[in-house]
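Q: The opening position of the sequence shown corresponds to residue 85 in this note's numbering, with each subsequent residue numbered one higher.
No incorrect hints appear here.
Beta-carbon label-pair distances, calculated as ranges: (1) Gly-191 / Ile-157: 37 to 43 Å; (2) Asp-180 / Ile-127: 35 to 41 Å; (3) Pro-115 / Val-246: 33 to 39 Å; (4) Asp-224 / Gly-156: 15 to 21 Å; (5) Glu-188 / Ile-157: 42 to 48 Å; (6) Gln-244 / Ala-119: 27 to 33 Å; (7) Pro-202 / Gly-245: 27 to 33 Å; (8) Ile-118 / Ser-265: 28 to 34 Å.
No lab work stands behind these hints, which were simulated from the structure alone. Glycine included, each C-beta is placed from N, C-alpha and C at the ideal position.
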Amino acid sequence: MSRTVTLVRHPPVADSIVGFCYGASDVPLGPEGIAVARELVVILSQRSVTRIVHTGLSRTAVVAEGLAERIGIPTVADFRLRERHFGTWELRRWDDIYAETGEEMMGIIQAPDSWRPPGGETLFEMRDRALAWYHELPADGHSIAIAHGGPIAAILGTLQGVPAAEWVKLIPRPGQIVSIS
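Take the sequences, apply the hints, and build the full model.
A: Below is the structure:
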């Protein structure tokens, strides 16, 4: 048996969260997200799965736990697949952050590898923890991880040799499934 890794970005969050920087914060799914979660459980349950991982945040756990219940294997929560921590920006409106910091916040785009939001982590710190998880996976089996856009893009970008400044193009849409063999 060879190793297969399926990375799934969590379903859409509640509309009340749209426009906010929520990164590593635990925010709820909205009605659309709950419907997408149910669809993902059905789709993912048709695969031969040996392990199910989520980040411990509710927007990932709902899919993982639904899948686990359906196919009868346990889940594992692993914080290393959580979204980038944005420090003091967490749960603030992006517009308010920009009004306060101006062009300083553009470091997130202009210097994605080294720039750090106040009290948060750099893109490469997030990448390092996500890659540590990926490299610790067993050589055999099919792991499904319900995670977040940033860590998924960091894993894909690193494996594909894509420069960090271009990882934003690799962020899957909410509910999207990406497989790595």
